[in-house]
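Required output: the full structure, derived from the provided sequences and hints.
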Amino acid sequence: MKTKKIAVLALAIALAMILSFVESQIPAFVAIPGVKIGLANIAVVFVLYKLGWKEAVLISLVRVVMVSMLFGTLVSLFYSVAGAVLSLTGMVLLKKTGLFSTVAVSVTGGVLHNVGQILMACLLLETNVIVYYLPFLILSGVIAGVVIGVVAAIMVNRVQVEY
Amino acid sequence: MSAKRKKSPVFDLILIGGLLLLALVCYLLFAGGKSEGNVAVVCVNGVETDRYPLVQNGRYPLNGGSNILIIENGYAWLEDADCPDKLCVRQGKVHLDGQVITCLPNKLTVTICADNSEVELIS
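Protein chains in written order, with the numbering used here: chain E, 3 to 165; chain D, 5 to 127.
These are computed hints drawn from the structure, not numbers from a lab. There is no bait here: all hints are sound.
Subject to a maximum C-alpha distance of 27 Å in a straight line, what follows is the list of computed DSS-like cross-link-like pairs (lysine-lysine):
| # | chain 1 | residue 1 | chain 2 | residue 2 |
| --- | --- | --- | --- | --- |
| 1 | E | Lys6 | E | Lys56 |
| 2 | E | Lys52 | D | Lys11 |
| 3 | E | Lys98 | D | Lys10 |
The structure presented is a predicted model; accordingly, all values stated were derived computationally and were not measured.
Pasting the structure below:
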């Protein structure tokens, strides 16, 4: 791995962690469990487009583990991992098709992140009543995904790094 | 690195439109709220612990006091919780069949059901 790549990855992880922290300081504005803006996804989408999917998986997992250790709990780690894994899988596959824009990829990531969290909640709470929230989670994932996608697309275009 | 196939906003619109449609379908399937419920079923960790009729006003500490359930005039809501985000409190009052209040940190759900006899939890 080239030194420059290591540096860029470290930078992306730092960015993702700061964004996670900033998001943790924003009070929830809708009373639905699992709704997240997903600011850290800006860094993940950026790396996905600039470096590749393996690197995106790497920084995403490192971020989830480190953020849970710093600001979260063991339970929040389960939720985050479920969200991150599902969201990344969706984004990587969608990007591979080559048919969709950054915004659409980010929207898919946002929606799947929320869906992953709710699936984990269903598992942990051993209940299916939580699917009640699914429509609201899809909707909020779409809205947040559009915003995050636009920001990430700007970053992908403006930050010119050579490898 | 990026694939060189044709990107088109049409695909984006289909995808996003499809997701919104999915949300609508889920809403119609799961939302509940079609008829009045008459009992509040409390589940902790997926196991039913209590059920309270909505006709009877009261203030009930749930789950060893982690959440406080209020039932008044046919409405149920959580007045307080010991979790930091208090999302369950902000979910407000429920009274319709199928409505749910969830407290993820305490692994607790309050589901409104339409029958006081043996009923399954409605998904």
